[in-house]
Structure formats: C-alpha cells, structure tokens
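Peer 1: Chains as they are written, first to last, in our numbering: chain R, 10 to 113; chain A, 15 to 777; chain D, 15 to 213.
Please keep in mind that the hints were generated in silico from the structure rather than gathered at the bench.
Note that CB positions come from ideal geometry on N, CA and C, so glycine has one too.
Worth double-checking, as some hints may not be accurate.
[Said to hold, decoys possible] DEER-style ranges, computed between Cβ atoms:
#1 D:Leu182 / A:Tyr768: 35 to 43 angstroms
#2 R:Asn99 / A:Gln744: 19 to 27 angstroms
#3 D:Leu90 / R:His17: 36 to 44 angstroms
#4 A:Phe743 / R:Asp104: 14 to 22 angstroms
#5 D:Ala104 / A:Tyr768: 28 to 36 angstroms
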Amino acid sequence: MSEVSLDHYLVLGAVLFVCGALCMAMKRNAIGVLMGVELVLNGANINFVAFARYNPVFRLEGQVFALFVIVMAAAEAAIALAIVLNFYNNHMTVDVDTAEELKG
Amino acid sequence: MHLENPGLLYVAATLAPLASFLLLLLAGGLRLALRKNREAGAGAALYQMLGGDRPHRAAAFIATGAIALSFVLSLVGFVYFLQDHPLPAHTETPHAAGHPEGGPAAEASSGSTADRWAGSVRWAEIGRFNSSKSTVLALGYRIDSLSTVMFLMVTFVATFIHIFSIGYMSEELAPVVEDHQVHTEEGHLHRRGRFGRFFLYLSLFCFSMLNLILADNLFQVFLSWELVGICSYLLIGFYYERRSASNAANKAFITNRVGDAGFIIGLLILWTYLGTFNFQELFHKLPQALQDGSLPKWALIVAGLGIFLGCVGKSAQFPLHVWLPDAMEGPTPVSALIHAATMVAAGVYLVGRVYPLFTEEARLAIAYTGGITLFLAATVALVMTDIKKVLAYSTVSQLGYMMLALGIGGWVAGLFHLITHAFFKALLFLGSGSVIYGCHHEQEMTRMGGLYPKMKITAITMLVGVLTIMGFPLFSGWYSKDMILAQALGYFLVHRQHFLLFALPLFTAGLTAFYMFRMWFMTFTGPPRDEHVHEHAHESPRWMTVPLIVLAVFSVCVSWGSPVWSAESSYLGGHHGLLEMSEPADELKNLKMMDEALNSAVHDSHTLAEVLAYVAGGLGVLFAALFYYWRVLNPADAKLQFAGVHRFLWHKWYFDELYSAVLVRPSLQAAHWCRNFDTYIIDGFINRAAWATTMLSRWDGIFDLAIVDGLVNLTGRIIFACGAWLRRFQTGYIRSYVLFLVLAAIGIFFALTYFLNLAAAGP
Amino acid sequence: MSQATILFLIIAAFTGLSAIAVLVSQNIVRSAVWLLFTLAGTSGVFFLLGADFVAATQLLIYVGGILVLVVFGVMLTAQGPFITMKVGAAEWVIASVVGLLLLGVLVMSMPGPEAFGSSEAAPANARVSSSTQLGETFLGLPGAMPEANVSGLPKTATAVPRTRVAYLLPFEIVSVHLLVVLIGAAYLARAKRRKGGLP
Chain R
10 MSEVSLDHYL
20 VLGAVLFVCG
30 ALCMAMKRNA
40 IGVLMGVELV
50 LNGANINFVA
60 FARYNPVFRL
70 EGQVFALFVI
80 VMAAAEAAIA
90 LAIVLNFYNN
100 HMTVDVDTAE
110 ELKG
Chain A
15 MHLENPGLLY
25 VAATLAPLAS
35 FLLLLLAGGL
45 RLALRKNREA
55 GAGAALYQML
65 GGDRPHRAAA
75 FIATGAIALS
85 FVLSLVGFVY
95 FLQDHPLPAH
105 TETPHAAGHP
115 EGGPAAEASS
125 GSTADRWAGS
135 VRWAEIGRFN
145 SSKSTVLALG
155 YRIDSLSTVM
165 FLMVTFVATF
175 IHIFSIGYMS
185 EELAPVVEDH
195 QVHTEEGHLH
205 RRGRFGRFFL
215 YLSLFCFSML
225 NLILADNLFQ
235 VFLSWELVGI
245 CSYLLIGFYY
255 ERRSASNAAN
265 KAFITNRVGD
275 AGFIIGLLIL
285 WTYLGTFNFQ
295 ELFHKLPQAL
305 QDGSLPKWAL
315 IVAGLGIFLG
325 CVGKSAQFPL
335 HVWLPDAMEG
345 PTPVSALIHA
355 ATMVAAGVYL
365 VGRVYPLFTE
375 EARLAIAYTG
385 GITLFLAATV
395 ALVMTDIKKV
405 LAYSTVSQLG
415 YMMLALGIGG
425 WVAGLFHLIT
435 HAFFKALLFL
445 GSGSVIYGCH
455 HEQEMTRMGG
465 LYPKMKITAI
475 TMLVGVLTIM
485 GFPLFSGWYS
495 KDMILAQALG
505 YFLVHRQHFL
515 LFALPLFTAG
525 LTAFYMFRMW
535 FMTFTGPPRD
545 EHVHEHAHES
555 PRWMTVPLIV
565 LAVFSVCVSW
575 GSPVWSAESS
585 YLGGHHGLLE
595 MSEPADELKN
605 LKMMDEALNS
615 AVHDSHTLAE
625 VLAYVAGGLG
635 VLFAALFYYW
645 RVLNPADAKL
655 QFAGVHRFLW
665 HKWYFDELYS
675 AVLVRPSLQA
685 AHWCRNFDTY
695 IIDGFINRAA
705 WATTMLSRWD
715 GIFDLAIVDG
725 LVNLTGRIIF
735 ACGAWLRRFQ
745 TGYIRSYVLF
755 LVLAAIGIFF
765 ALTYFLNLAA
775 AGP
Chain D
15 MSQATILFLI
25 IAAFTGLSAI
35 AVLVSQNIVR
45 SAVWLLFTLA
55 GTSGVFFLLG
65 ADFVAATQLL
75 IYVGGILVLV
85 VFGVMLTAQG
95 PFITMKVGAA
105 EWVIASVVGL
115 LLLGVLVMSM
125 PGPEAFGSSE
135 AAPANARVSS
145 STQLGETFLG
155 LPGAMPEANV
165 SGLPKTATAV
175 PRTRVAYLLP
185 FEIVSVHLLV
195 VLIGAAYLAR
205 AKRRKGGLP
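Isolated chain R (complex conformation) (with noise of 0.2 angstroms):
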C-alpha cells in the first residue's frame, strides 16, 4: 500500500461501524447499548470527513455534517441517558433483557 487513499479511511469507519452495531446487539447494559451508539455515529463521522477530503465535490460539506452530526450525538446522548435513568428507576436494573414487555 502506497498510498492512504479513500478506501482506507472508509474500512475504518466501516469497523467503527460494525463494532458499534454488533455492541448495540450485543450488550446487556444499557449504557453498553449507548456506547454502541457512540460508536456508530463516529464511524459515520469518519466516513463523512474522508469524503470530504478525498472527493473533489464535497468539499467542506462533509465535515459541516460531521459537525452536525456531533452536536445531534450529544443531544441524543443526553436524551438516551435520561431514558436509560428512567428505566433503571422502574425497573431497578439496567439489563435491557429485564424489558421484555414486547415479547409475543
């Protein structure tokens, strides 16, 4: 590999990616679940800013969007937090298997 090119940049990202999906699937806590989406949302980023770099159109687009997009994961955080303080306070716990309300 000679040269750091696109393609780089958005394999990383693509694990970020996966690994933030597969902890949203995968973690019984719900601050594990939180973390995943953390996780999800800067691999995103990362693909964002790569294209800005590297695509001659998008220019500075890609990092407004990644900006954006950070602003919109702390608020969401915040949000998610609540909620998550919400559930630990009815249910006593933060296993997210405990909330099987749904199950058919």
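Assemble chains A and D onto chain R, guided by the hints.
Peer 2: For chains A and D alone, kept in the frame of chain R given last:
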C-alpha cells in the same frame, strides 16, 4: 169429485211417510243438540217439549198418522182407479181394460187416462254430450192395478204394525232401558230408550217401499231397493249393542249387496243395449231389438239373471237366504213388516214387473230357484224351536212358492200369493210378538205350552193364520196356493221333464201344514213346559190385540170374490180380477212368450191340483197332531231315530258353515296375509330403508366430522402453528431486534449494491 | 511507506482495536475506557484528514462531554459491585457472523477509485484550513461559501448554476435543538420517587 191427476194421490201417499221421517229426524236432531242445555236456558224448555230425557210418545203418533194418511190416500186413489178402469165383466177380455194405453173399452179416454195415472219428472241426463245416446234419469210414477193393490196392502199392513208397535215398543219409552242380553263389566247394559228412533226408521222404510212400488223406471226402483236395504240394516241392528244383532244386520246387508251386484249388471246391460230404464219403453223396444239383433239373446239372458239375482238377495232365495232367519234379531214388528210382508216381497214384485224381460232360460232358473228354496226352508222349519225362526223359514219357503209360480208362467198366481201372504204372515209375526211380549220376551217354544187359556185372542188369531197358510178352504191362502199348485201341475203336464217343479211344492205343502201346526200346538196346547213362564204369561194390551184381530179378518177375506167358494171368481186374483188386469199379456204375446198350451193345461188341471193339495195338507196336520196334540208319537224318539237328518236340518243344511269356510274364512285369511305383508314386507322394507338412511347419515356425520371439519381445523392449526413459530421472533429483547435490524440492513445494502447498482450511481 | 501512511496505520489500528475492545469487554467501566480511546483515535483520524475543527470539536464534545455523561450514567446505574451481564456463547457466534457479514457488505459496496476521478487528495483541497473556512461559512460570508451541487433537478441543456449555500440557518436550528434537548433531558431525568428502593 173430479180430480185431474188421481195418480198424484199415490205420489202424496208415498211422500207422507217421508214427511214424517224428516219431521222426526229434525225433532230428534234438535233434541240431541239441546241436550247439553237441558239444565237451564232457552234451550231447556224446547228440550223438554221435545221429550226431555225420555223419548216422546208423539213420535209414534206422527209416524202412524202419516202411514194411516197414506192408507186413506191409497184407498181414495183406488176408488178413482176403479172408476177409470172398472173390473171387466166375465165376457170381456180382461187384459185390454187394465192397461192405461187402451183397449176397446177405454179407447175414448185412452189419451187422458194415460196422463191421469202416470207422470214423471226429469231428474238428470247421462251422456248429454252425445244427445242421441243420452239417457234420461227420471223420477216417475205409473199406476196400474198391481200398483194399487200393492199400495193398499203395504199401507194397510204397515198402519196396523205401527199401531202394534206402540204397544210392543212401549218399554223403550223409559229414560233408561236395561238390555238383558248385553253384558258389560257392571252387569247388564243400561242405555237410553230409543222409542222415537224406531218410528223414524219405520217411516223411512215405508217411504222407500212405497217409492219402489210407485216407480215407473228401473233406476228409481234401484234407489228404493238400496234404501229399503239400509232401513232393514238399521232396524235389524236396532239393539246394536248385542253382538248377535249387529252381526245379523251386517249379514243381511252384505248378502243383499251380493244380489245388488247382479242387479247392477242387469241395469247396465239394459242401459247399454236399450238405452232406457223406463218399463214401458223397455217393453216397447224389446221385441224390435231382439229381432234386428241390436240386443243379443245372451245379453238379455244375462240381464234377466242379473236382475233376478237382485231379487234372490232381497227375497231371501237360495243361495242368499241365510240372512233372513238371522234378521229375527230385530224387534218383532220389524220382522212382521219388513221381513214378512213388504221388503222381501219387493223381490217378487220386481220379477212380476219386469216379467217380459225374462227369457225362457231365465224363467226356468227362477222356477228352480224358487223350488229349491221352498223345499229347503220348509225342511229346516221342521226342527226349529224358536218361534220367530219357524216363521222366518216359513217366509223363505212361501217366497220360494211365489218365485216358482212366476217362473212357470203363473204371473197372477205368484203375485196373488204375495198379497195374501203379506196379510197372514204379518198376522203370524204379530201374533208371535204378542206371545213373546206376554211371556216376557221368551222366544223358545220349548219353554212355552198351554198358553191358550192365558192368551185367547192371540191363540185364536194365530190359529186363523196357521189355517190360512196351510191352505184351509175359504181362507185367503187357499185360493193363492191352489192357483200355484194348479200352475205347477199344468206346467208338469206340458213339460214332462220338470216333474220336480210340481213334486216339490206339493210335498212342501204337506211340510208347511206340519210345521205350522207343530208351532201352534207346542205354543198353545198341552201342559206347560216351563212353570215360571206359564205363571207370568198374560194377554197383550189392546194396542196389540186389535191389529191381530183386524189382520185375521183380512187374511180370511181378502181373496173372496163371488161366489166365495170359487177361486176363479176372486176379485183379487181370480179370472178378470184386479191382478189379471195388469198381467203383461200383450208384451208376452209380442215376444212370443205366451204359451197357450200351458194356459189350457193349467185350467184343466185345477181340480186335480186341489185334491192333491188337500191330501198333502191333511197329512201334514195329521202328523202334527199325532206328535204334538194327541202326543201319540214322541218327537224326542223321532229326533233320536233320525239323529243325522235332524242334525243336518238343525244346522240349516250347514249353509252358514259352508259360507264361513268358503267365503268368510278365506277373506279373513287374505286380510291377515295382507296385514302380514304390510307389516313385514312393506313396513320391513321401509324400516330397512330407514335403517340404511340412519347408517348413511351416521357415516356422513363421521365423514363430516372427521374430514370436512378436520380439514378446516387443520387449516386453522397450520395457521396457528405458523403464528406460533413466528411468535418466537418476538423475543421482547432489544438486542435481538437490533440484530434483525442489522440483518435487514445487510440485506438492503446487498440488494442495492449488487442488484440495483444505486451505490455506484454517480452524480 | 511514507510518514502519513505509518501514522495512519497506527492511529487506525488503535481506533479499531479500541472499538473491538469496547465490544468485547464485559465490564461496563472498562468498556467506557475503551470507548474513550476509540473517540480519541477518531479525533486523531480527523486530524489526519485535515479537519482540525471537527477533530477539536470531537474531542471537546465527544470525549469531554458525552463520555463523561456515559460515565455518569454508569455510576448512577451501578448496582452494587459491578456485576457483569454475560451473554451466551451462541449469541457471540451469531453476532460475529452477522458482524462479519455486515463488514463484508460495507466493504464490498465501497466505490472504487474510478468513481471520483482521483483517489488522491486533490491539491485544491490542500487549501483547507478548515476552521477559518467553517467559521466563515457558518456566518454566511459570501466569499467563503462553497459551491454546492443541487441534486434532483431535471437534466436540462442549460447548466444549472452552482448556487452558494449558507449554513447559518442550520447552525441556528442546531442551537435551538440543543436547548430543547437540554430541557427534555432535564425533565426525563427528574428526581421522582424510586419504586421499591435500591436493591
């Protein structure tokens, strides 16, 4: 007083008993309808007026009044008839004057005479669509001397029998009558009195009998024929709770029906070939039809035999004679009126009326039937011990005499005997009724005896009757019986091969004398055989003895002429007498059935026949007296000696057993067979079919349950299973949902990348 | 191997391994720590890509804000000694398979270098001193606004003029949005009586 249509007097005489019948029916029906209101209310008064709980005596007076009115009208009509058709003097030819159509003496008024004594009303028309072949059914009347004499006889006898019945049936006036011959759980049967009903039936009978005599066409005769049969049934079965009475009524009606079948065949043949029922038209058309072949000879023979079969049934000739002795179950006045004087005479009357229709062969059959009957019945009467049975068989025997006479050409002789027989047989029956009433309903002669001092009037009047039937000179029976025997002897002399036709009546004359005197001696003379009966015997009341006396007088003098000792000069049946006026000589001449040789033979053999009759009768009386009066010969010994013969006669020649075996039992067998067929085969078939249907429906149910329902249930279960399987994906865990999300995202990504090439699409 | 390549490899490996460690570790606090390293690594990646402002923002907000929040959450929802919630082995297998599948799909769907003309960073982009430019763009200064492609317009003969876009409005919206979120979070997490008390 001049009357336009004196014939209508006879029509009125016929309708009077009908009016009485309808009135009694209405009153009785009204009373029945009001019976439930009898306690109180408007109906109660009317109910009580109609008699209340017991029959009203007025019923008898209404009926008797009606028939007496008929008698008066008949008498008046007779007077008018004699005015129009005076008895010819000895020089004139008798026949011409008798016929309404004409003859030299009545030529001047022939047209109007016919209208005065005949008439008809068109009632219905059969086959109107084919007007040339249609037949008119009419109700009509035609009066000739035979009709007038019959009318007088019937109404006279009926009137006195009505009067007799007022006394005889008086115990039916009670509200409750005990019938000693019917046993129920509580003892003897108690029922309401039926006084009114008796006179109701009697009135209906009188109407139908008079209508029969009045009729001018065979159809009307047939109507009345059936009607008198019905009345006979109703009256024989008057005490219908008694099994014997109801059986006897059935027997009478069914036996009559057999005869009526023949009657109908005769009617049908006549209608088919001659197209009419009217007597005059029949006689008119007959010679022409025979000549040109439109009426084949065999058809005429069959028609004649058919109508004769009806007469055999009605007049109780062999082989349909079995019902008459059983008909004695009815009250005695019924036996007197219907089964002695009138209804049984209807058969003989009809034979006389349609005489020209009988061919030579048919008349021979009639003669032999009569001959066999008279002998058979007389032999059975020899051994009977019930007083009414003796008289019943005597009636059958005398009817046989009449039929025999008619068969061998003695038209006047047969009908003459009919008239005289009516009087003396009614007298004998009423006399026996008086005896029975006096002995408190005891009918067995073996328990009577020595009743003469107790019932003098009854005894003397019965003696008159017995002498008459025997043929004692100057009593009315003598004239008619001698005439029959003379006819028989003449016939035998002309046709030598039919000697039985003379031997039988002669021998039977002796038998008649024997059994009649046996009856009289056993009942009235000798020591009483039963002390109890003898003690309580008494003479009957005046209601009953007066008719006896009147009938006795008439049975003596009804045949008198002038001079009295000459049979030929009898006003009724002698030469130039009333009956001879109606003899169908013209028709017989037209049909070439008038046998001049026979007539002269009859005339010549009159004296010989008379002598032979005296011998036979005398021998009969002698033997009767030997057995029962002087008691020189012992009847019990004779019974033992002739045990076989006695048993044969006692069982009435085993006719009842024969009919039972040949007719009754096979019918019952057939009925049983049909019943079994119905129960086992038809019902079995239906039951099997039902069982098969049940099985089929059961299978169908199983099929429906298992397969059809099974399919539906299976479908449901499959869907349920699918749902249950799908349900497993709803784990409720967020993590698995996320996993599925990821999988879905992979799927979409994959599709977009490789199949839709969207990811490669550039700007 | 140029300097940039090695640097990239190190930072990328660091980030990737930290991400995997977040996934794998059982202890929630340890996951939080690994998340910290991942976020830091991402920030490094941003720096490599020349997006200084974004990288700085990432550090500030993500690491200094969100992660702290997460740790707070971990502490607040602690139940006694930090119990580990284990996941069954079968689920690990399934998860790995699915993960690998997703990774494969994502990698496969990457556009090749021919899609964008050149794989190299265009010299035109070398002029990126992103923070100044970003600031000017957000404030809507005309000279600094980039040209944007408006997609979705019908392809007509006349070329669509490239318009200048301004990011001022989205900037304001984001601000308001953050305020709303703040209020919402405060409401959601308000103190209310706990059901049954702490176990």
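Peer 1: Of the numbered hints stated previously, which ones are contradicted by the structure, given in increasing order?
Peer 2: none
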